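Colleague: Listed here are the chains, written in short residue letters.
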Amino acid sequence: MPAPVLALQDVSKRFGPIEVLHGISLTLCSGEVHALIGENGAGKSTTMKILAGYQPASEGVILLDGKPVTFDSLRDGEEAGIVMIHQEFNLAEQLTVEQNIFLGRELKKGWLLDKSEMRRLTVSYLKRVECSVDPDALVSALSNSEKQMVEIAKALSRDARVLIMDEPTAVLTNRERKVLFEQVSALRATGTAILFTSHKLDEVAEVSDQVTVMRDGAVVYSGPSAEIDEDGMATTMVGRDVSDLYPPKPGVPSEAETVLSVKGLTVPGFAEGLSFDLKQGEILGIGGLIGAGRTEAMEGLCGLRAASVESVTLFGEPVQLKTPGDAQRRGLCYLTEDRKLRGLVLDWGMRENLTLQTLFKFGSFMIDTRAEDAALSHAITEFDIRAGSRSVRVGNLSGGNQQKLLLAKVMLSEPRILIVDEPTRGIDIGTKQQIYVFLRKLAAQGHAIIMITSEMPELIGLADRIMVMRLGQFAGSLVGPEISEDSIVRLSMGLEATSSNTAAVPPLAQDRFS
Amino acid sequence: MAVIGPVLALIVLVAIGAMMNSNFLSAANITNVLARSAFIGIIAVGMTFVITSGGLDLSVGSMAAFIAGLMILVMNAALPSLGVGIPIILLGMVVALIAGIAAGLLNGFLITSLGIEAFIVTLGSMGIYRSLVTWLADGGTLSLDFSLRTFYRPVYFDGILGVSWPIIVFALVVIIGQIIMSRSVFGRHCAATGSNEHVAHYSNVNVNRTRLITYAALGMLVGIATIMYVPRLGSASSSTGDLWELEAIAAVIIGGTVLKGGFGRVWGTVIGVLILSLIDNILNLTDFVSPYLNGAIQGVIIILAVILQRESKAANR
Chain A
1 MPAPVLALQD
11 VSKRFGPIEV
21 LHGISLTLCS
31 GEVHALIGEN
41 GAGKSTTMKI
51 LAGYQPASEG
61 VILLDGKPVT
71 FDSLRDGEEA
81 GIVMIHQEFN
91 LAEQLTVEQN
101 IFLGRELKKG
111 WLLDKSEMRR
121 LTVSYLKRVE
131 CSVDPDALVS
141 ALSNSEKQMV
151 EIAKALSRDA
161 RVLIMDEPTA
171 VLTNRERKVL
181 FEQVSALRAT
191 GTAILFTSHK
201 LDEVAEVSDQ
211 VTVMRDGAVV
221 YSGPSAEIDE
231 DGMATTMVGR
241 DVSDLYPPKP
251 GVPSEAETVL
261 SVKGLTVPGF
271 AEGLSFDLKQ
281 GEILGIGGLI
291 GAGRTEAMEG
301 LCGLRAASVE
311 SVTLFGEPVQ
321 LKTPGDAQRR
331 GLCYLTEDRK
341 LRGLVLDWGM
351 RENLTLQTLF
361 KFGSFMIDTR
371 AEDAALSHAI
381 TEFDIRAGSR
391 SVRVGNLSGG
401 NQQKLLLAKV
411 MLSEPRILIV
421 DEPTRGIDIG
431 TKQQIYVFLR
441 KLAAQGHAII
451 MITSEMPELI
461 GLADRIMVMR
471 LGQFAGSLVG
481 PEISEDSIVR
491 LSMGLEATSS
501 NTAAVPPLAQ
511 DRFS
Chain B
515 MAVIGPVLAL
525 IVLVAIGAMM
535 NSNFLSAANI
545 TNVLARSAFI
555 GIIAVGMTFV
565 ITSGGLDLSV
575 GSMAAFIAGL
585 MILVMNAALP
595 SLGVGIPIIL
605 LGMVVALIAG
615 IAAGLLNGFL
625 ITSLGIEAFI
635 VTLGSMGIYR
645 SLVTWLADGG
655 TLSLDFSLRT
665 FYRPVYFDGI
675 LGVSWPIIVF
685 ALVVIIGQII
695 MSRSVFGRHC
705 AATGSNEHVA
715 HYSNVNVNRT
725 RLITYAALGM
735 LVGIATIMYV
745 PRLGSASSST
755 GDLWELEAIA
765 AVIIGGTVLK
775 GGFGRVWGTV
785 IGVLILSLID
795 NILNLTDFVS
805 PYLNGAIQGV
815 IIILAVILQR
825 ESKAANR
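Protein sequence lines correspond, in order, to chains A and B. Just so you know, we're using our numbering here: the first sequence kicks off at 1 and counts up by one. Just so you know, we're using our numbering here: the second sequence kicks off at 515 and counts up by one.
Just so you know, the hints here were simulated from the structure itself, not pulled from any lab data. Keep in mind that a hint or two might mislead.
What the hints assert, rightly or not - Below, a list of computed lysine-lysine pairs in the DSS-like style, where the Cα atoms sit at most 30 angstroms apart: (1) B:K774 to A:K340; (2) A:K109 to B:K774; (3) A:K441 to A:K263; (4) A:K67 to A:K49; (5) A:K249 to A:K263; (6) B:K774 to A:K147.
Nothing here was measured: the structure is a model prediction, and the numbers come from that model.
My request is simple: use the sequences and hints to build the entire structure.
Modeller: So, in structure tokens, the structure goes:
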């Protein structure tokens, strides 16, 4: 019987008058991997922050080795051997990988830094997580997945008794994910208690020993992972059946008008000579590996970054799109993949965020705030944005509600062609379903949609046609029955879409896809 | 606290002043304080926009000195042909406005198009303008011709209904600035740019143009302030406008605008300017504390203001 290390008993948390956690009980045992799942806004992050000592509980008891404790600060938590890895990394961008790993606990020889020992250990930690970054590289130069691996290396260096990870795999490729879970298994074997959250139910089923499901600030299920399957998890999380995640595809009639025709789109360093057409009512999916140049190509098309193009024809008219404003005026809009850094001003309220892109509609010089308020009311209803109050700071909204607000913001410009980039990244399954339904409805109304996504089921489930990008070029196009996970993976790995021998796909190819 | 803090501080200062000297609330003293505040105040309104958009301008003090010197040179040179009269004053004013806008545009161009840090660019231009005015004055003082000075004087000393021109212009600049900042599309774009320039860019806000306009507007306001300042003394030297940039920045920060950008309020800046001038005025009127400690007290106020801002921000989270 594994021993309980850290536990919450009837813990509640209030922010002002609003109670966000209602009597949570949760037990982490040594040598066990515990998954915490739930929709965005269910209270997972708050629960984890209380466990790690980032925030105090309003009521209830935290038990460490069976004894009640209070963490007055982060340091108390760390001294008790609890390490938390945040979704937004906690790394100093202008320091090197090695300096970050030892930040605050630098090894010393006398009163000087013991650089050679720190280097030796850094190399060994990085090797354990199979991360090939240079210990001298600046963290600001690393990709998100590399930063995640550095965070994990840092956690390894602290010999944590309890490791808490907030959505560790959200930015990882499948191979990195595998490495991460190997490390998790190794830590479990040494008796570390591990808690992680994830929106990927397959990995929860695969990796965890215990699973706790939260909904609306309360625990609705807690038990061994073996006793609940993925469907059961999804249904428990959402509180309703989500088997019809994707709306039916009506198909695009062959006589549908071509609304967008791009020839020879080149974004220096990212994409070269891309040509494609888009039809009215169509959802065109763009698949490919992270780094294949998908985002950059679409940003180049919309004038968001430097690009050259032979010709762009929009609704039968040749156009030049030099700035994002040109694109917007002609009915082409891009919804960014990064809602926190590029999509929304987190310090602002919802009203100002909603109208930022289309302020000209709310007055040529002075802003008509009443019209803005009306637009917000409309958006809240139409997109089912659930915020406690209208004046809430957008940074305090859950990821799903932020994404809905971002969608509402882009839709205010009434695009006829919408490019969505990772439209459901890091959001819960219920909101995902709402967004899928919305996109399909938009297409049915005669709009056209380009969807970049790294989630295979989403690509297959929603797109009428799929183009796969590889190394800055289109590797191939798939329609109707040709669409399959296998063919997409093959194209993104530089193979033909179909093969008489499906076993020819190297295992690596399956693995790298993310 | 961030909202009422500066207002409370101002009220406390007025109360202290009234208790210590009976002349403090006299019309003459109030006019004096406001008129002296006007120069820094007009510039600080422009600075509010620059800082809100995530920028900074250290060059405004020496820019004012340079514009004053240029104005005096041009007016003296035009005196033989134009004679004393309204045309030559208008010429001086146009020169000041054009020079201000051009200097602001130059700062803005270097910052936005070449992507050099605002601190560096304006540190450089601060040195350039200061040096240019010293060179123009040959190390001494540039003086407006006596006849012109007499004719131009009323622009500082006269006014309407006993309110002097600098105060009227200051009030107009504040009202227009406040409306633009809080109610206009441009003001919202400034705040968006300062909050997160990536979000602004992806929301089709022309980030570079927004910033460029704030620097040009600040340059223009420096020109306007100089137009009001020259008739006061009728001269310019290497010490004209000394440390104005720091007073303007301090006023903006005391008023509750966030130094790293994203949030600004013009009326707060006015409070900031008044607090700084009142401290100076009170120390001069009373012998309780030496006026030489003016800078120290202002320094304490600036640091306190930022601490208050931070506390209220933490409470909001």
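Colleague: Please go over all the hints and tell whether each is borne out by the structure.
Modeller: Consistency of the hints with the structure:
no., hint, in the structure
1, B:K774 to A:K340, "holds (18 angstroms)"
2, A:K109 to B:K774, "violated (39 angstroms)"
3, A:K441 to A:K263, "holds (28 angstroms)"
4, A:K67 to A:K49, "holds (19 angstroms)"
5, A:K249 to A:K263, "holds (28 angstroms)"
6, B:K774 to A:K147, "holds (26 angstroms)"
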